[in-house]
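Chemist: As a plain string of letters, each chain reads:
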Amino acid sequence: MNINKSNPLLLHPLNKWMKKKKWSWFPHQIETFQHVQSGSDVVVFAPTGAGKTLTGFINPIDNLIKLKNFKGLHTLYISPLKSLANDIVRNLEKPIKELDLNISFQVRTGDTTPYKKQKQKQKPPNILITTPESLALLNSYENAKEFLQNLKYIIIDEIHTFLDNKRADLLSLNIERLQTYSPNLQRIGLSATLKNKQDAKKWLCRKKPKIVSYQNSVLPKIKILESKERIPWSGHMATYSINEIYKEIMKSKLTIIFVNTRAQAEYMFKNLWLINKKKLKIAVHHGSLEKNLRLKVENNLSKGLVDCVVATSSLELGLDYGDLEKIIQVGAPKGINRLLQRVGRSNHNLNTPSKAILVPTNRFEFIEAKAAIEEIKKNNLDKIDLKKGSFDVVAQHIFATACAGQFDINDLYKEIIKAYPYKKLKLNEFKQLINLIQDGGYVLKNYDQFKRIFQLRENKNIYKLVNRRETRKYRMNVGTIIENPMLKIKLGTKTLGNIEEVFIQNLSQGDSFIFAGQVLEFQSMKNNLVQVKRSKSLISKIPSYSGGRMPLSTNLANSVRALLAKSNMWDLYPEQITEWLKRQKNISKIPKKDEYLVEQFPRKKNFYTVIYTFAGWHANQTLGFLLLRGFKEFNYKPLGFVASDYAIVLWSIKEVKEIKTILNLGLLDKHLDNYLEETSIVKRLFRDNAIISCLIERRLPGMEKTGKQVLFSSDLIYTVLKKNEPDHILLKSSYEDAKKNMIDYDRLREILKKIDKKIILKKLTSISPLAVPIILEINRENLSKKETDEYILEDLENEILKEANVLSIN
Amino acid sequence: MYYQLINFGNEEFHAYPDKSLYWKRLNTLIVSDLHIGKSISYAKNKQFLPPYDTKEILNKIFVSLDKFKPSNLIIVGDLLHDVLSTLSLKDQDHKNLSQYMKNTDFIWIKGNHDKNIQIEGFKNFTNYKIDKLLFTHIPIETSLFQICGHYHPKVKISHRGKTIFKTCFIHNEKIFILPSFGILTGGLDIHSKQISDVLGKNNLNIYPVGQDKVYKL
Numbered sequence: 001m002n003i004n005k006s007n008p009l010l011l012h013p014l015n016k017w018m019k020k021k022k023w024s025w026f027p028h029q030i031e032t033f034q035h036v037q038s039g040s041d042v043v044v045f046a047p048t049g050a051g052k053t054l055t056g057f058i059n060p061i062d063n064l065i066k067l068k069n070f071k072g073l074h075t076l077y078i079s080p081l082k083s084l085a086n087d088i089v090r091n092l093e094k095p096i097k098e099l100d101l102n103i104s105f106q107v108r109t110g111d112t113t114p115y116k117k118q119k120q121k122q123k124p125p126n127i128l129i130t131t132p133e134s135l136a137l138l139n140s141y142e143n144a145k146e147f148l149q150n151l152k153y154i155i156i157d158e159i160h161t162f163l164d165n166k167r168a169d170l171l172s173l174n175i176e177r178l179q180t181y182s183p184n185l186q187r188i189g190l191s192a193t194l195k196n197k198q199d200a201k202k203w204l205c206r207k208k209p210k211i212v213s214y215q216n217s218v219l220p221k222i223k224i225l226e227s228k229e230r231i232p233w234s235g236h237m238a239t240y241s242i243n244e245i246y247k248e249i250m251k252s253k254l255t256i257i258f259v260n261t262r263a264q265a266e267y268m269f270k271n272l273w274l275i276n277k278k279k280l281k282i283a284v285h286h287g288s289l290e291k292n293l294r295l296k297v298e299n300n301l302s303k304g305l306v307d308c309v310v311a312t313s314s315l316e317l318g319l320d321y322g323d324l325e326k327i328i329q330v331g332a333p334k335g336i337n338r339l340l341q342r343v344g345r346s347n348h349n350l351n352t353p354s355k356a357i358l359v360p361t362n363r364f365e366f367i368e369a370k371a372a373i374e375e376i377k378k379n380n381l382d383k384i385d386l387k388k389g390s391f392d393v394v395a396q397h398i399f400a401t402a403c404a405g406q407f408d409i410n411d412l413y414k415e416i417i418k419a420y421p422y423k424k425l426k427l428n429e430f431k432q433l434i435n436l437i438q439d440g441g442y443v444l445k446n447y448d449q450f451k452r453i454f455q456l457r458e459n460k461n462i463y464k465l466v467n468r469r470e471t472r473k474y475r476m477n478v479g480t481i482i483e484n485p486m487l488k489i490k491l492g493t494k495t496l497g498n499i500e501e502v503f504i505q506n507l508s509q510g511d512s513f514i515f516a517g518q519v520l521e522f523q524s525m526k527n528n529l530v531q532v533k534r535s536k537s538l539i540s541k542i543p544s545y546s547g548g549r550m551p552l553s554t555n556l557a558n559s560v561r562a563l564l565a566k567s568n569m570w571d572l573y574p575e576q577i578t579e580w581l582k583r584q585k586n587i588s589k590i591p592k593k594d595e596y597l598v599e600q601f602p603r604k605k606n607f608y609t610v611i612y613t614f615a616g617w618h619a620n621q622t623l624g625f626l627l628l629r630g631f632k633e634f635n636y637k638p639l640g641f642v643a644s645d646y647a648i649v650l651w652s653i654k655e656v657k658e659i660k661t662i663l664n665l666g667l668l669d670k671h672l673d674n675y676l677e678e679t680s681i682v683k684r685l686f687r688d689n690a691i692i693s694c695l696i697e698r699r700l701p702g703m704e705k706t707g708k709q710v711l712f713s714s715d716l717i718y719t720v721l722k723k724n725e726p727d728h729i730l731l732k733s734s735y736e737d738a739k740k741n742m743i744d745y746d747r748l749r750e751i752l753k754k755i756d757k758k759i760i761l762k763k764l765t766s767i768s769p770l771a772v773p774i775i776l777e778i779n780r781e782n783l784s785k786k787e788t789d790e791y792i793l794e795d796l797e798n799e800i801l802k803e804a805n806v807l808s809i810n
Numbered sequence: 001m002y003y004q005l006i007n008f009g010n011e012e013f014h015a016y017p018d019k020s021l022y023w024k025r026l027n028t029l030i031v032s033d034l035h036i037g038k039s040i041s042y043a044k045n046k047q048f049l050p051p052y053d054t055k056e057i058l059n060k061i062f063v064s065l066d067k068f069k070p071s072n073l074i075i076v077g078d079l080l081h082d083v084l085s086t087l088s089l090k091d092q093d094h095k096n097l098s099q100y101m102k103n104t105d106f107i108w109i110k111g112n113h114d115k116n117i118q119i120e121g122f123k124n125f126t127n128y129k130i131d132k133l134l135f136t137h138i139p140i141e142t143s144l145f146q147i148c149g150h151y152h153p154k155v156k157i158s159h160r161g162k163t164i165f166k167t168c169f170i171h172n173e174k175i176f177i178l179p180s181f182g183i184l185t186g187g188l189d190i191h192s193k194q195i196s197d198v199l200g201k202n203n204l205n206i207y208p209v210g211q212d213k214v215y216k217l
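Listed in order, the protein sequences are those of chains A and B. For the first sequence, the numbering used here begins at 1 and goes up steadily by one. For the second sequence, the numbering used here begins at 1 and goes up steadily by one.
Careful: at least some of the hints might be erroneous.
Label-pair ranges, simulated between beta-carbon atoms [what the hints assert, rightly or not]:
no.: 1; chain 1: A; residue 1: Asn428; chain 2: B; residue 2: Asp93; range: 28 to 36 Å
no.: 2; chain 1: A; residue 1: Gln406; chain 2: B; residue 2: Asp93; range: 51 to 59 Å
no.: 3; chain 1: B; residue 1: Val63; chain 2: A; residue 2: Asn428; range: 35 to 43 Å
no.: 4; chain 1: B; residue 1: Asp212; chain 2: A; residue 2: Gln523; range: 36 to 44 Å
no.: 5; chain 1: A; residue 1: Lys533; chain 2: B; residue 2: Gln211; range: 39 to 47 Å
no.: 6; chain 1: B; residue 1: Tyr2; chain 2: A; residue 2: Ala562; range: 55 to 63 Å
no.: 7; chain 1: A; residue 1: Leu665; chain 2: B; residue 2: Gln211; range: 29 to 37 Å
no.: 8; chain 1: A; residue 1: Glu595; chain 2: B; residue 2: Val63; range: 18 to 26 Å
no.: 9; chain 1: B; residue 1: Phe122; chain 2: A; residue 2: Lys533; range: 51 to 59 Å
no.: 10; chain 1: B; residue 1: Gly200; chain 2: A; residue 2: Asn428; range: 30 to 38 Å
no.: 11; chain 1: B; residue 1: Ser71; chain 2: A; residue 2: Leu665; range: 43 to 51 Å
no.: 12; chain 1: A; residue 1: Gln449; chain 2: B; residue 2: Phe122; range: 46 to 54 Å
Pairs of lysine-lysine, DSS-like flavour, derived with a Cα cap of 25 Å [what the hints assert, rightly or not]:
no.: 13; chain 1: B; residue 1: Lys55; chain 2: A; residue 2: Lys732
no.: 14; chain 1: A; residue 1: Lys445; chain 2: B; residue 2: Lys55
no.: 15; chain 1: A; residue 1: Lys683; chain 2: B; residue 2: Lys55
no.: 16; chain 1: B; residue 1: Lys193; chain 2: B; residue 2: Lys213
no.: 17; chain 1: B; residue 1: Lys44; chain 2: A; residue 2: Lys723
Read the hints as simulated data drawn from the structure, not as lab findings. The C-beta atom is built at its ideal place from N, Cα and C for all residues, glycine as well.
Kindly generate the complete structure, drawing on both the sequences and the hints.
Modeler: Spelled out as structure tokens, the structure:
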């Protein structure tokens, strides 16, 4: 073929191997090779199965062979997961060994032994496969420059998983450091298909930026499980469809069932075993399980020794499992990109479609599943919003820089603002962060004799670490991932995994819960170990994991609204869904794509207001709190609210008459600060900020405090700081984090800007069909932490008093 | 501020939500474990806690002194966190303290944290006896009723599916333990071995400290 003649990769060292395997080069591989050769930084967008990993290595391998006997580190490969890094080594090993190429490569992650790390420093491999955290550590060594100055390429794998979080901030700062050490360094990003490719390019590329994109023409085959059972109004456990899910597992050689939370995973796993008459081999996989248990499941997966694995996002990335034929997604997809990533796991060949079945767990989720399928057909992907970089990560980076040696603050500032997330970092903010590392950065200069870094007397721009011992503290604190305080679960002497401390604190001896697919009975907690035994009972509490809530993407939310409004589609839905929507239309209204339906009705002596925002849980939760305040101002005596992804419901003693006056942008401007102050959101984020910025130490192995104590002391610090120095940079940082992540500020702002003109108000005599799911979710008090504490104490005291009275009367 | 009435050793005490104890009969204010200057001693290990704890603790104690104008202030140990802590007491703080000492007797019982430290104007004691009551940082072998500090007791409360931890006053028949009056001081579960060894497990009277009120369980 013509294209082959002009294909420069036919001369590539790997071409022989490709030929032996009867593989041919992809067009995007050729294109990437040429761009990188001509000096460009490139981001490659391609779906799973399109040789993405190989694409990254084409130029480095070619260059290494040309350079002959290159000594030292030539290429860094950054992977988002430790386990992926190991997979990459295995994949790279094959061609390099088979062709007997003179290229050395090694992996370096948190799991690498200190001995091996030491050896790597003395005799570095040509290619090092590592993670963002290990890269940051590498950069903090005194001889980092020596080690890294001949680096030619950095490859960032799965770059789409990095772009919108603090790991991205950390990585971006460290890439700039590498660029300083080695100005000729070229950057290659590998990404799943994204909507805003330009943003990824801006984030990564500096030199002649280029995008290479490969579009798969074969669409995945996704359908919704056809169930004879009733889809429930609300709930998230899909119990209704368990028999049908089981039938689907039987039909395929290997199935992965993806769920959204760890609790769902445990529940689904248990329910499948209860009906497992055919003795299928079913396993469970989630991030809290002990590493060895996880590895065992992964091994069985790759060897085809299981029939089905129930998994959370823990299995979203990673090895290709050859036998995997089908994906079942239980619960709402929450986003197009996420669904595609999951569905793509069953894809081994670009020319055959991957297969997936969606199982909605309630009625709204049915619409969401349908909408997701429509969007995938149109190839309408989610946008990943790049965020302004967080301050705490810069502080950590400053500390790391000091560990590597003395530094000039002007040079460091110039380097930091080259990183995309920090383009707008102000010099005075940067200086506050220097002070934060120096002595906590307080206005009250009490700690002069105890600084961590200090200015040289002869040059005030040069800072230096006081004491080499401090490097150890940095190394213990590196990274941006802060886990909730976790406790190890022991069954006999066997460790099953980790569970949130908060969950265990609510258990009493003899309480049962499900973990690692078994019903366990809580026995005792000693030295941070939770001792359990197997329970005979089948009734159990389900672990409620806090990390489970996935945000609903704006893209998919809009699509749900659009689909809901298309009444001509309804007849294609299952009868119960059609009935539900038709009744809603008759009794109230189905909102159009750009309308905001507000329903009000009396119920059980109270007055209910339901607002359908389709804004996602975070934004709705915030809106709920703000509306509580708004309602209080108008003296409607609000009692509480509940938010879902789609709507919020508030209930009050009095009728809410002025909803249009209350529901607008003014609500946000007026009440947001108060809201943040009174809830524990900022306080919680302050803890993360204090740890990431190295103000307080992370839990260290061996000298562990319990997580509760860490939480406790950061709470005290927060309270004292807020009272005495409200402008402190870490408070500002926590506040910005809250706006960015927890409360979906921008999304809410967008909605409130236009909402007042688009409210459709329906006064009803009773609850509407569309409101039933959210009303069913009303099950908890919505009081702030402070109020809750007082409430619990008060209530308990009253109960005891009552008891005492009864006793004295008797 | 509302107080909670506590009967101990045939005397009446008032427990306040600022974690102080007032003995009305003798017009005596009792506090414990202030740990003044904890932040500065942490800074030595490069843990930069906000340096406002000393100021806040002193303000808190001055507010109480202004309110009760007590004849005695008994500090049941660990007034200071360590030797470095004296650095956080500024000249003005010393002036204010001596002003208060004109009308109030400061009785400083030494704790494990501050046993080797002196401050001008403070009278030091290893323990202090009034009638049948003995004030001591850590309880000792005695037939007297003892009022102590040291343990920073907090109680775990599980109620209606929620769990919270609260600082508390706690006593059995013979021993009373005060909460820590400090700002950046953590706490120890009353069911921990250290506290159980002192108070036992039964017949405990527990008074969790809330926002504006001391509760009784």
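Chemist: Hints first: check each against the structure and report whether it holds.
Modeler: Each hint tested on the structure:
For asparagine 428 of chain A and aspartate 93 of chain B, the Cβ-Cβ distance of about 32 Å falls inside the hinted range of 28 to 36 Å, so the restraint holds. A hinted range of 51 to 59 Å for the beta carbons of glutamine 406 of chain A and aspartate 93 of chain B is inconsistent with their spacing of about 37 Å. Separation of valine 63 of chain B from asparagine 428 of chain A is about 36 Å and conforms to the stated range, judged on CB atoms against 35 to 43 Å. For the pair aspartate 212 of chain B and glutamine 523 of chain A, the supplied restraint of 36 to 44 Å holds, since their beta-carbon distance comes to about 39 Å.
Taken as a hint, the range 39 to 47 Å holds for the pair lysine 533 of chain A and glutamine 211 of chain B, whose Cβ atoms sit roughly 40 Å apart. A hinted range of 55 to 63 Å for the beta carbons of tyrosine 2 of chain B and alanine 562 of chain A is consistent with their spacing of about 57 Å. Checking the proposed 29 to 37 Å range against leucine 665 of chain A and glutamine 211 of chain B shows it holds: the Cβ atoms sit about 33 Å from each other. Separation of glutamate 595 of chain A from valine 63 of chain B is about 56 Å and departs from the stated range, judged on CB atoms against 18 to 26 Å.
A C-beta distance of roughly 55 Å is found between phenylalanine 122 of chain B and lysine 533 of chain A, which places it inside the suggested range of 51 to 59 Å. Separated by about 58 Å at the C-beta atoms, glycine 200 of chain B and asparagine 428 of chain A break the suggested range of 30 to 38 Å. Under the hint 43 to 51 Å, the C-beta atoms of serine 71 of chain B and leucine 665 of chain A, about 60 Å apart, miss the expected range. At roughly 25 Å, the beta carbons of glutamine 449 of chain A and phenylalanine 122 of chain B sit outside the given window of 46 to 54 Å.
At most 25 Å may separate the alpha-carbon atoms for a hinted pair to count; lysine 55 of chain B and lysine 732 of chain A meet this at roughly 23 Å. Note on lysine 445 of chain A and lysine 55 of chain B: the hinted pairing holds, with a Cα-Cα distance of about 14 Å set against a maximum of 25 Å. With a C-alpha separation of about 22 Å, the suggested pairing of lysine 683 of chain A with lysine 55 of chain B holds against the 25 Å cut-off. Pair hint lysine 193 of chain B plus lysine 213 of chain B does not hold up; C-alpha atoms about 28 Å apart against a cutoff of 25 Å.
Of the pairs offered as hints, the one joining lysine 44 of chain B and lysine 723 of chain A holds, with about 24 Å between alpha carbons and a cut-off of 25 Å not exceeded.
Checked against the numbered hints above, the structure violates hints 2, 8, 10, 11, 12, 16; every other hint is satisfied.
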